[in-house]
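Student: Below, each chain spelled out in residue letters.
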Amino acid sequence: MTDIGMKPHALSIENLSLEFPTYDGAVKALDGVTIQVGNAEIVGLVGESGCGKSVTTMAATRLLPEGRYKITQGTIRLFGRDPTVMSDEDLQQVRGKLVSTIFQEPMNALNPTIRIGKQLVGVIRRHEAISRAAAETVAANILSDMLIPEPSRIMQAYPFELSGGMRQRVLIAMAFSCNPGLIIADEPTTALDVTVQAAILRLIQGRARRTGTSVVFISHNIAVVSQICDRLYIMYAGRIVESGPTRAVLDSPQHPYTRALLRCLPERVQPKAQLESIPGTVPNLLDPPAGCFYRPRCLEADERCHAKPQSTTLTGGQVVACWQRSKSQTHVSNEA
Amino acid sequence: MDATPLLSVENLAVRFPGARNWFGRVTSEVHAVNNVDLVVLPGESLGIVGESGCGKSTLVQAVIGLVAPTSGRVVVEGHDFAATSGRQKTQIRQKMQIVFQDPQSSLDPRLPVWRLITEPLHIRGGMSAAALRTRARELAVSVGLRSEHLDRLAHEFSGGQRQRIAIARALSTDPELLILDEPTSALDVSVQAQIINLLLKLQRELGLSYLFISHDVSLVRHFCDRVAVMYLGQIVETGPSSAVFDHPAHPYTQTLLASVPSLQNSLQEIDASLTGELPNNRRLPTGCYYRERCLVSSAGCEKLQDLATVASIGHDVKTPNEAGISDHMVRCHVGVTAALRLEHLA
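These protein sequence lines map, in sequence, to chains E and H. Just so it is clear: in the first sequence, position 251 is 251 by UniProt numbering, and no numbers are missing. Just so it is clear: in the second sequence, position 312 is 312 by UniProt numbering, and no numbers are missing.
Don't read these hints as lab results, they were simulated from the structure. Hints may be right or wrong, so weigh each one.
[As the list claims (entries may be wrong)] Chain H side only, calculated, beta carbon under 7 Å to chain E, not exhaustive:
| no. | residue |
| --- | --- |
| 1 | GLU51 |
| 2 | SER52 |
| 3 | ASP188 |
| 4 | VAL189 |
| 5 | SER190 |
| 6 | ALA193 |
| 7 | GLN194 |
| 8 | ILE196 |
| 9 | ASN197 |
| 10 | SER218 |
| 11 | LEU219 |
| 12 | HIS222 |
| 13 | SER259 |
| 14 | PRO261 |
| 15 | LEU263 |
[Unchecked claim] Pairwise CB distance ranges (calculated):
| no. | chain 1 | residue 1 | chain 2 | residue 2 | range |
| --- | --- | --- | --- | --- | --- |
| 16 | H | SER28 | E | ALA134 | 37 to 43 Å |
| 17 | H | ALA82 | E | ARG153 | 40 to 46 Å |
| 18 | E | ARG209 | H | ALA82 | 52 to 58 Å |
Glycine included, each C-beta is placed from N, C-alpha and C at the ideal position.
Isolated chain H, as found in the complex (with noise of 0.2 Å):
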């Protein structure tokens, strides 16, 4: 029923070492990524969603290959990425592509635009300085530069054209997927719908996939087909962004959305004990993660929950094996029965 997928990320783990004994052996360690599955279908938007430090990030570095998973595998378009070598290893490279928050810190200053946008083209080879300036003059025109801006230096731009140069690099390779850490964050409001606008049009136009971090909900709400929301590592609520921004099932999911701030509302009144902080990764809690923060934690959070499928009215719940790529799922007993989600809507 679903289409075969883009990417998939299965039971991935990434642990850093924390601190070592005396000899220099790991002697604790700091859980980033705790067996987390995801899976990108072509030309979807999933968005991922979690406080600082719940290990956003570091997923998709894992993704891309710039930090090395503990375990599980990440596979794009059907081949283990760790497992392929050489060209092939190349290949599929070059169909995944980042672009990074601060595009201050991640384009050379001293590369005119037209090197800076080529960089990833002159890495692979075999094209010559006209060749690279050509197509950068065509990635630039597309992302909404203009060729007199192609031998300038990046500090010559503002943050938003920064941004789209940064876009123009990542797409330098014609890639499949763009994973997109918050692109926006460091940008002004305006200059913040600019880009969305220009994201969305070149994924009309290309037919991209994209892997979108952010912290501003109401913009994945807005950019993203289906969402994940991570906590200590773990998905805890995964769906359309339309199930779970508007039903969320998960406890954790329903603090964080009544936590934005809103121009309808004006603040609302949430229990103090849920305004906590991340526990520490460092050791992970026993059973449910989210249990000591949690307002109906009951019997059964003492054991860790696996994604089941949000029960609607008149069905059944189903395990993740018998369910969809973009079921409604959450990972908690109480919130995959419907009667949490009454309460929260009452």
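Next up, chain E with everything else stripped away, as it sits in the complex (with noise of 0.2 Å):
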């Protein structure tokens, strides 16, 4: 299903939109999401939690429980190929060896009654033709590549017995264990202290540039998304409010939402002094305002923002949907 002579993307979604059925009416948990994840590329989904930045992957790998939810419009594709069409046998090969994903919390992805080393053999089995004793060579290198001291002897460990850091880093080793294509990590190191965490990123980082592995990163942490992203996506109420490569973004962002999380950030004001924050709460997505969702909270808003903003791309790679934007596309400053 490849296009002829070009290599696909490694995840791409066109204008998706997705909600949840409810008694209540339909939740509109995403609406016209466009993600492009190139080959080899670490690309950084940011956003407050409910915002939508798993629902979105987790469409894009099917995850989401059947029969609960309706895809409204738009196309994903992985690697060139519909997962909404594809057989649960294709979904199984096409999940773990192409894509696999890094759960937040590692202690509910392991299963807590198996040793690591088996659970680990049984994934790399489930994808590779090789023996139990070959398997177990390639899960002790991957884990020692992971930085895991003793790795055999790990191996022999159940879940429980390693500390979340290591836990993390198992799982970390079981999502590279079959060199998939994607990884999707979603919010792996919330859990973690800075200490290890900064040892995670790095592992992550270095092992997805050595293979040539794509990464979606999923944080509600703007800062550690930008340790480790080319691009990032920022997300707002199931919308892409903008994107582009991780420094302009952050040195010039565009959208008065991305703005406002800079500034919320203790980090850049002086000590005291009053953190600005956003006023308002997200809008309910069961019934959101018209036009732009921001909106409500945002202190650029005029007449043009009651219908939705179209995205704009701006010089430099930037895309921002917003209508304050897409008329003067001059250069503004992060700090205006």
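Build the complex: two chains, separate frames, hints provided.
Tutor: Structure representation (structure tokens):
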């Protein structure tokens, strides 16, 4: 199904809208989300809780509960293939072999009753026709690649015997074990300490760069994402409000939401000074406001914002969905 | 030179029974807090930072009386907390209140907001329902809730609003010290900013002291006057936030600060050995607790160091007895001289 002569994107989501039907009506979780993840590219997906970060990637790997959601428009392509129409057998081959996911809480992602080694070998042999002994060697190698001391001892251990940081390394090893083309890292460091977090980020980045794996890195922490990602997507209430190369987005954020998000961080202000906060709350996705979803909280909103903003591409590759930026494409500094 | 402390913790240790033998006798102990000295002055904020498992939460739980200290004293306004009883103990308790990390689990789901907020007053007794309700309204308004919220239940609120309810509840007994145990780590950054602003405003208006626990270094730097860095149940470095964060003297503090993700710089190359984990606290290491992970460990590290005042250029090293409360002190005989810090800055 691949395009002739051109390698397809690792992940390409076009104008995806998705809703969850409930008794109170449809919750519009995603509205026109467009994300491209190129080969060997590390892409960050940032937003506050409930903005649709995880739903986007779970829709792409079809991990959402069948029949509980409805894709109302748009297309998803994983390495050129459409996961929404795949057979279950195909899907199982794709997950793990082509795409694998690192979840936030490693204790929930590992089977507590099976030794680490057996779980790793199981994943490897599920996708590759090699002997148990060969798979064990592969597993041990990948564990030592993750800077785990004494891999043979760790492989004999049960998940509960390991610390949170160790468990997360095991999970990353498992995700990388079949050399997938795309890794989805869903808040992999949120439950960890900063020193361990720094190590984990470096492991993911280093391994991905060496093997040419694409990574979608989901986080609510814009500082963490900025450390390892080439490009960023900022999400708000189920829409992508801004995207672009990491440095460009951080140095000259264009969307009022991105700016507010950066100004909320204590890092950039004087100690004890008033931190900027975003007034109001996230819209109810059962009944979102007309036009721009950020309008009720936006300080720059005017008449035009009652209509849905179109994405505008700016020089430097930044894409922003805001009426205030679509007319004047002048450079607006961060301090403004 | 320093004011009388509101709270002082003297040589506090907390150990929990680890394993028991066949007869039920304790054979090993978990050393959660190891001989901590702390002082909180009226109106100031003291931050406690450290990795998970370093004993931050156990320390404050011992301070507020939720766990019994194995040894050491907690002194509140000159009264030894453990030695008091009856009415005096109740009075001391009311001077200290705590706000927990997760408002979802620290608020009773079946009580309306006005009852939640006035729960401590209800326990103290002596107030009519009408008076409690009036007080609840005052408190709710002071933390930015509206009076129509008073009859709702906790689940009807967002995380940030629930944390406001928890703060209002903590304020109900007119405390002088609020213990904040990771009050914003369950919240989004925009909501975190609102809560931090609220806490700073309350401090200005009511002259509150804060004991602020967090693993978020940039937040502690923003929020706290002084900071104590904990490692394996021990304070390894303490001093004014600016001094500790701008010129860290302990190798552990330096590693911790280098690991903090920042918007300004990209991922820093840190030696892989530094990213290890806390040693087992069932059997404490001999000598300096940080020795195994430390890059500058040398002769002298096999001996457990005391906190000593960091030498600034032209000053001598002072021992804790001569040092003031707000001096920059470190538990490392290498870091106490200026050499390590100069190297760090280079």
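Student: Now tell me, hint by hint, if it's right for this structure.
Tutor: Hints versus structure:
1. About 4 Å separates the beta-carbon of GLU51 (chain H) from the nearest beta-carbon of chain E, less than 7 Å, and the hint is met.
2. Nearest Cβ of chain E to the Cβ of SER52 (chain H): about 6 Å, under the 7 Å cut. The hint holds.
3. Among the interface hints, the one on ASP188 (chain H) holds; its C-beta lies about 4 Å from the nearest C-beta in chain E, closer than the 7 Å criterion.
4. Against a cut-off of 7 Å between C-beta atoms, the interface hint on VAL189 (chain H) holds, since the closest Cβ of chain E lies about 5 Å away.
5. Against a cut-off of 7 Å between C-beta atoms, the interface hint on SER190 (chain H) holds, since the closest Cβ of chain E lies about 4 Å away.
6. With its C-beta approaching chain E no nearer than about 4 Å, ALA193 (chain H) sits inside the 7 Å limit, and its interface hint holds.
7. Residue-level restraint check for GLN194 (chain H) holds (minimum Cβ-Cβ distance to chain E is 4 Å; threshold 7 Å).
8. Interface hint at ILE196 (chain H): satisfied, since its Cβ lies 6 Å from the closest Cβ of chain E, which is below the 7 Å cut-off.
9. The beta carbon of ASN197 (chain H) is positioned within 7 Å of a beta carbon in chain E (closest approach about 6 Å), and the interface hint is therefore held.
10. Because the smallest distance between the Cβ of SER218 (chain H) and any Cβ of chain E comes to about 5 Å, under 7 Å, the interface hint for this residue holds.
11. Here the hint on LEU219 (chain H) is kept, as its CB sits about 5 Å from the closest CB of chain E, short of 7 Å.
12. The interface hint given for HIS222 (chain H) holds, since its Cβ lies 4 Å from the closest Cβ of chain E, which is under the 7 Å cut-off.
13. Because the beta carbon of SER259 (chain H) sits about 4 Å from the nearest beta carbon in chain E, less than 7 Å, this interface hint is met.
14. Satisfaction of the interface hint for PRO261 (chain H) is found here, the shortest Cβ-Cβ separation to chain E being roughly 4 Å, below the 7 Å cut-off.
15. Taking 7 Å as the C-beta cut-off, the interface hint given for LEU263 (chain H) holds, the closest approach to chain E being about 5 Å.
16. The hint said 37 to 43 Å for the Cβ distance between SER28 (chain H) and ALA134 (chain E), and at roughly 41 Å that hint holds.
17. In this structure the supplied range 40 to 46 Å holds for ALA82 (chain H) paired with ARG153 (chain E), their Cβ-Cβ distance being about 44 Å.
18. For ARG209 (chain E) and ALA82 (chain H), the hinted distance range of 52 to 58 Å is satisfied, since their beta carbons lie about 56 Å from each other.
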